[in-house]
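Undergrad: Construct all of the structure, not just a fragment, from the sequences and the given hints.
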Amino acid sequence: MKLFLQRTVGVVPREGEAETSAVHLSRFAWRPLVLGLLVVLGVSLLATAKGAVNVPPMTVAKIVASRLPLVDISPAWPSSWEAIVWDIRLPRVVVAGLVGMSLAMAGGTFQGLFRNPLADPYLIGVASGAGLAATVVMVSPIPLSLYGISLLPPMAFLGALMAVSLAYGLARVGGAVPTTTLILAGVAISFLASAVTTFLMLHVSPDVRPVLTWLLGGLSGSGWQRVAWILPYIIPCLLVIMAHGRVLNVLQLDEEQAQQLGINVERTKVMLIAAASLATAAAVSVSGMIGFVGLMAPHVVRLIWGPDYRFLLPMACVVGATLLMGSDLLARTVISPEEVPVGVITAFFGAPFFLYLLRQKKGMVF
Amino acid sequence: MDKKRLLILVLALVATLGVACDGGEPASAPLPTVTSLPTVTSLPTVTPLPKFTSVSVVTDSRGRDVVFTVAPQRIVSISPAHTEVFYALGLGDRVVGRDGYSDFPSEARGKPVVGDAFTLNLEALVALKPDLVYTTFEGPVADIERLGIKVLYLFPAADVQGVLDNITLIGRVADREAQAQALVEDMESRIKAVTDRLAGIEQGPRIYYEIDPGLWTVGPGSFVGDILQMLKVQNVAEGASSPYPQLSAEVIVQRDPEIVILGDSREYLTTGVAVEDVKARPGWGSITAVRQDRVYPFDDSLVSRPGPRIADGIEQLARLLYPGVFP
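Protein chains in written order, with our numbering: chain A, 1 to 366; chain B, 367 to 693.
It is worth saying that the hints were derived from the structure and are not from the lab. No experiment lies behind these values; they were computed from the predicted model shown. Beta carbons are placed, not taken as given, at the ideal position from N, Cα and C, and that holds for glycine. Misleading hints may appear alongside valid ones.
[Unchecked claim] Just the calculated beta-carbon pair ranges, DEER-fashion: (1) A:A228 / B:T654: 23 to 29 angstroms; (2) B:P586 / A:I142: 49 to 55 angstroms; (3) A:L212 / B:E511: 29 to 35 angstroms; (4) A:R115 / B:E642: 33 to 39 angstroms; (5) A:Q225 / B:G456: 51 to 57 angstroms; (6) B:G456 / A:I142: 36 to 42 angstroms; (7) B:R475 / A:G169: 38 to 44 angstroms; (8) B:G458 / A:V334: 45 to 51 angstroms; (9) B:R512 / A:A188: 34 to 40 angstroms; (10) B:P689 / A:V334: 48 to 54 angstroms; (11) A:S145 / B:P586: 55 to 61 angstroms; (12) A:V196 / B:D497: 57 to 63 angstroms.
TA: Structure, rendered in structure tokens:
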């Protein structure tokens with residue numbers, strides 16, 4: 001607690017002094033955030049320029065520029081290049097960035113809200129709910145698409161929200177939702193949904209491969225349609241969560257103390273759980289379950305810059321987006337023309353880096 | 367000290383129980399005394415043995431010899447391809463059980479299921495009293511043998527010739543040599559007819575053969591990939607490092623297939639994709655196959671199962687790939 005106050009608030013309470021008396025917040029660190037945004041921009045440029053098919057960087061720039069309004073460049077490139085850069089690669093990079101951002105943001109929020117370093121975006125049932133819904137769609141005669149629009153993301157999204165709502169409803173005691181009860185209800189619902197998913201996969205449809213491919217996660221097949229589908233959910237969630245950085249800082253003390261400090265704890269919890277779940281549901285609905293990013297990105301920020309949630313949340317978004325865009329770039333290119341599941345890359349390169357940080361700054365994780 | 371004493375006590379108790387169980391029965395039972403020999407009233411009738419085939423010895427994929435003195439009468443097939451082989455050789459009525467994936471011919475679906483190669487239900491298997499279990503996966507072999515049931519474990523055939531040899535072998539051990547020979551000759555001649563007609567073709571169309579919507583495909587070195595090679599197509603997965611690679615969408619668009627074969631079509635698989643969805647994938651609009659409307663659903667099990675239907679599969683593929691040559 002002392003360490004936390006020192007990092008967030010800049011004041012170490014003296015022995016015996018009430019910890020909550022320290023209220024001066026340290027100056028907001030803009031510089032790493034701006035630098036981080038530049039890195040995101042750089043990685044996204046690199047990721048758009050590189051891929052399994054080599055398109056000269058200048059041509060990539062021209063293809064992208066030709067799509068902008070008020071720019072008139074006559075195409076002097078094969079139509080396949082245009083399809084590759086504009087229809088396949090660029091939206092995929094954007095989706096990777098948005099998904100990485102959402103997962104990191106949701107992970108950070110849940111870690112803060114539940115005061116649990118192991119919390120990840122999938123903790124309270126989002127992923128298994130989405131997985132179950134997607135499996136039901138795939139093994140049932142429901143068409144996979146309607147008028148050329150895939151039904152999988154909306155159904156997965158609904159499944160995710162249903163699972164979280166169920167967990168929340170079950171954990172509700174009177175007007176309050178005790179955090180531990182919510183986590184346990186969420187975990188139980190995850191197991192239940194996974195059990196039904198497995199049963200459906202094995203006994204209703206013997207051909208489980210497409211379901212498994214989807215559940216394993218990946219960004220293959222991301223188009224502008226998916227960007228348009230997740231953006232309306234992610235942006236409001238982002239704003240709501242960012243606005244709660246300060247409240248999350250106070251919540252780190254204790255829910256009771258936060259209440260005494262004038263925070264409507266239950267209302268805050270509902271807002272944050274809803275926003276984080278909505279963002280995760282949107283991410284899961286287009287990319288399946290991508291591990292590591294949501295759990296680790298907030299910890300990376302915490303280890304390097306400290307646990308001030310006002311800074312941690314936006315910076316975790318930057319780290320998450322960078323991590324996933326970079327990993328997906330590797331996933332697409334390391335054994336080209338083949339692909340590696342992106343989750344393998346995030347864990348393979350992310351985990352050693354995280355362990356290095358952990359060794360460098362022992363005992364400062366949470 | 368107390369714990370130790372308790373432990374000794376428990377051990378002693380267990381030991382006594384063990385002795386009691388082991389030695390109790392025989393000691394208390396009176397020795398049977400032979401009073402008179404049973405008089406033979408009639409000789410036991412010998413049920414006619416199944417026709418004696420020449421003893422066949424098959425070396426399985428572990429290098430062990432499996433000896434067949436009589437043709438198997440109660441067969442459990444844990445391989446969809448081989449369920450098809452048994453039926454094609456007229457042994458359908460001897461198949462008493464199957465794995466969950468064995469769905470062809472349709473009569474096979476009426477047979478009891480014993481799980482599949484990965485989740486075999488040994489109890490269900492034993493209950494069927496098989497005298498031969500055929501499997502292409504080593505996992506359950508030792509467990510089945512321990513139950514005293516004969517197992518023939520052979521890797522799936524690696525190429526078309528391997529499938530034909532395998533059918534001949536099954537014909538031999540199951541006393542269906544003539545049928546096997548006829549089937550093999552028929553398949554051989556049909557496949558030869560296809561390759562003969564393609565003799566004049568230097569290089570066929572560029573194709574992408576999808577086995578999963580995650581853009582998984584068949585590369586060179588896979589069973590289906592080799593059939594495609596035999597049909598002289600240019601596979602967009604050329605140069606992949608594994609037999610079943612997952613391709614990047616960029617590569618498929620860049621290599622621009624003239625024909626897309628959907629082995630994962632919803633027409634044949636509940637979890638499959640629809641042609642319209644494939645055409646609507648981001649960036650796919652520029653692919654020749656999509657522009658020229660040559661995205662074809664195809665029953666992948668025809669060629670992915672190394673069984674008697676590969677000749678049908680090869681003929682159907684040839685018709686899709688060379689509509690001019692095979693009207």
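Undergrad: For every hint, state whether the structure bears it out.
TA: Here's how the hints hold up against the structure:
Here the CB-CB span from A228 of chain A to T654 of chain B is close to 28 angstroms, well matched to the stated 23 to 29 angstroms. Taking 49 to 55 angstroms as the suggested C-beta distance range, the pair P586 of chain B and I142 of chain A does not conform, at roughly 37 angstroms. In this structure the supplied range 29 to 35 angstroms holds for L212 of chain A paired with E511 of chain B, their Cβ-Cβ distance being about 31 angstroms. For R115 of chain A and E642 of chain B, the Cβ-Cβ distance of about 49 angstroms falls outside the hinted range of 33 to 39 angstroms, so the restraint is violated.
Here the CB-CB span from Q225 of chain A to G456 of chain B is close to 53 angstroms, well matched to the stated 51 to 57 angstroms. At about 41 angstroms, the CB distance of G456 of chain B to I142 of chain A agrees with the hint of 36 to 42 angstroms. As the Cβ distance of R475 of chain B to G169 of chain A is approximately 43 angstroms, the hint placing it in 38 to 44 angstroms holds. Between G458 of chain B and V334 of chain A the CB atoms are about 49 angstroms apart, so this pair conforms to the stated range of 45 to 51 angstroms.
With their beta carbons about 39 angstroms apart, R512 of chain B and A188 of chain A fall inside the hinted range of 34 to 40 angstroms. Taken as a hint, the range 48 to 54 angstroms is violated for the pair P689 of chain B and V334 of chain A, whose Cβ atoms sit roughly 39 angstroms apart. In this structure the hint that S145 of chain A and P586 of chain B lie 55 to 61 angstroms apart at CB is violated, the actual value being about 32 angstroms. Hint check: V196 of chain A to D497 of chain B, Cβ distance near 39 angstroms, so the stated range 57 to 63 angstroms is violated.
Comparing the model with each earlier hint shows violations of hints 2, 4, 10, 11, 12; every other hint is respected.
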